[in-house]
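Visitor: Residue strings, one per chain:
2 protein chains.
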Amino acid sequence: MTSFTQTLGAAWQRTGSLLCVGLDPEPTKFPAALAGRGDAIFEFCRDIVDATAPYACSFKPQIAYFAARRAEDQLEALIAHVHEKHPGLPVILDAKRGDIGSTAEQYAREAFERFKADAVTVNPYMGFDSIEPWLAHKGKGVIVLCRTSNPGGSDLQFLETGGRPLYQVVADLAANKWNASRELGLVVGATFPKEIETVRAIVGDMPLLIPGIGAQGGDVEATVKAGRTANGTGMLINSSRAIIYASKGEDYAQAAATAAKETRDRINTFR
Amino acid sequence: MTSFTQTLGAAWQRTGSLLCVGLDPEPTKFPAALAGRGDAIFEFCRDIVDATAPYACSFKPQIAYFAARRAEDQLEALIAHVHEKHPGLPVILDAKRGDIGSTAEQYAREAFERFKADAVTVNPYMGFDSIEPWLAHKGKGVIVLCRTSNPGGSDLQFLETGGRPLYQVVADLAANKWNASRELGLVVGATFPKEIETVRAIVGDMPLLIPGIGAQGGDVEATVKAGRTANGTGMLINSSRAIIYASKGEDYAQAAATAAKETRDRINTFR
Chain A
127 MTSFTQTLGA
137 AWQRTGSLLC
147 VGLDPEPTKF
157 PAALAGRGDA
167 IFEFCRDIVD
177 ATAPYACSFK
187 PQIAYFAARR
197 AEDQLEALIA
207 HVHEKHPGLP
217 VILDAKRGDI
227 GSTAEQYARE
237 AFERFKADAV
247 TVNPYMGFDS
257 IEPWLAHKGK
267 GVIVLCRTSN
277 PGGSDLQFLE
287 TGGRPLYQVV
297 ADLAANKWNA
307 SRELGLVVGA
317 TFPKEIETVR
327 AIVGDMPLLI
337 PGIGAQGGDV
347 EATVKAGRTA
357 NGTGMLINSS
367 RAIIYASKGE
377 DYAQAAATAA
387 KETRDRINTF
397 R
Chain B
127 MTSFTQTLGA
137 AWQRTGSLLC
147 VGLDPEPTKF
157 PAALAGRGDA
167 IFEFCRDIVD
177 ATAPYACSFK
187 PQIAYFAARR
197 AEDQLEALIA
207 HVHEKHPGLP
217 VILDAKRGDI
227 GSTAEQYARE
237 AFERFKADAV
247 TVNPYMGFDS
257 IEPWLAHKGK
267 GVIVLCRTSN
277 PGGSDLQFLE
287 TGGRPLYQVV
297 ADLAANKWNA
307 SRELGLVVGA
317 TFPKEIETVR
327 AIVGDMPLLI
337 PGIGAQGGDV
347 EATVKAGRTA
357 NGTGMLINSS
367 RAIIYASKGE
377 DYAQAAATAA
387 KETRDRINTF
397 R
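Chains A and B, in that order, are what the protein sequence lines are. All residue numbers for the first sequence refer to our numbering, where the first residue is 127 and numbers rise by one. All residue numbers for the second sequence refer to our numbering, where the first residue is 127 and numbers rise by one.
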C-alpha cells in the first residue's frame, strides 16, 4: 500500500526540496498562444508541472479553478500526468471539503477515486466525523485547516478557548485524537511564523502545508526556522502565483522553473 | 434583481411549506428501472423534484453525490429543470465551500454561474474573507454553517469562548457583522432545538436551514417551536433520505410525494 506520509518523506529526501507548487490556473493569465484552446488549462498546468518538477516535492492543484470552468476532465488528466511522468511526487487536491457521513464518503470518492489525489485538504469545523470518512481510504493523506494565512482567519481561529486560541485546539485534536492513521497533516499559514512554531511544538513531526510565501508575502527564513523538524523537513511550503505566473509570456514554463528553483534554494538556505 | 431571501420569503407564503427537499442521489438506492442508465441521477432527482414540488419551499442538491460520479452535467440539468418547471422555488447548492480571495471567487462562479444555484452553503472557519467573495454575487444567498447536527459537531462548535460556545459567536458574526447584503442564512441542526432557539434569539429573522429531521431523528415539534419567526416562517427544514428513499420500488416518486406532504403537514401542525 502507498502511504501519503511515507511517499512525502521519501520525496523530501530524494528531491532535497520542501517546495509545493500550487496550481491555480486562471485562463485570463495564460500566454496568448494558449488562448481559445479547449484544453488550455491542462496544457498550461502540464507545462508548469514538467518544468518545476525537478525543484518540487509535491503539487497542489486547487479544484475551484477547474470546477468554475467545467474542467474536471482536465484536472483528472493533469493528476494522471503527474503520477505517470513524475512518480513519487504526491498530489494534494486543495478542496477544503467539510461534511459528514455518507456525504463525506462521496467527497472522498471524488478526491481519491475520481481524481486519484494522494491527499486532500479538509475543514475541521464539523469535527471528527467530518475527518473520519476520509481515513477509510488507507494510505491517503488528510490535511486539516488549522491556522490560515488570510486576515479573516483570526475571526474564529484566534478566539480563546480553554486558555488558548482555537487553532491550537485543532492542532491538538489532529495530533492527539484524530491521527490513528498517521496520515494527517495541517495547514498553517506562513504569515504567522510564531504560530507555526507553536503548532510544530504541539504536533511533533506531522507534515505542515504552509501557504503564504511568495505572492502573500510570508517570510521564508522565519517560516523555515519555525516549521522544520529535527531532520530539516516536515513542511510543504506552497507557492502558487509567484511561480506559475512568473512570466505571462511564451516563456512561462521556463520562468516558472527558474522561480521554483530560486524558491527551493531560498528555503534550503535556512533548513 | 432576484434576491434569494425575497424569493424564499415569497415561497414560504405562496406554498405554505417550510420543507426543503434534500437531493442526495445514490445510484445504489435507485429503483431497478433506472439501473445502468447514463442519466439515472438526473432522471431520479427530476422525478423526485416534480413529485414533491407541491409540498416544498425549496430544494437542496448535495454536490458531492454528483461530483463523485462525474455527474456535474446532470446537476446542471437538474437545477435548470427546477428553475424552468418550478419557478419561485429556490435551489440551495449544498457544497459547504470554504476558501478565500480568488479561490472563493472561483467557487462562487462554480455555484452561481455554472450551476445557477440561488444560494450555497459555506463554512465559516476561515472567517469573513471566506464569506465576502460570495456576496459580490448580488441577490444570491449564502448559508453559513453554525451548529451542525452530527455528534462531532461539538468538537469545535461547542467550545466556550468569551463565555459562550463558538457556534453562538458564528451566529453573532453572521447576523451583526457579515450580513450587510441581507442575503445570509445559517445552518443549525434539528438535533439541538434549544440551540436553535438561542440562535434565533441572536439572528432575528435570518433564514435558518435546519437538517436533521427524518433519518437523523430530530424532533419536529421542538424544532418548529424553537426556530419559527413571528410570522411562522424563517426555516428551511430539510429532509433528504426519508423523502427521496421513501420507497426503493418503482413507486419512488409517488412515495416521495406522500412523505413530503406528510412532513410538510407535520411541520405545519406546530407553526
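Simulated from the structure, these hints should not be mistaken for laboratory data. Predicted model, so just to flag it, every value in this text is computed and none were measured. A portion of the hints provided could be inaccurate.
Note that identical chains are pooled: a pair holds if it fits in a single copy or bridges any two copies.
[Claimed, not checked] Derived EDC-like pairs (lysine to aspartate or glutamate); straight-line CA-CA distance at most 20 Å:
(1) K242 / E198
(2) K374 / D150
(3) K155 / E231
(4) K351 / E388
(5) K242 / E231
(6) K155 / D165
(7) K211 / D199
(8) K303 / D331
(9) K155 / D391
Visitor: Which of the listed hints are broken here?
Guide: Checked against the structure, the only hint that fails is number 9, while the rest are satisfied.
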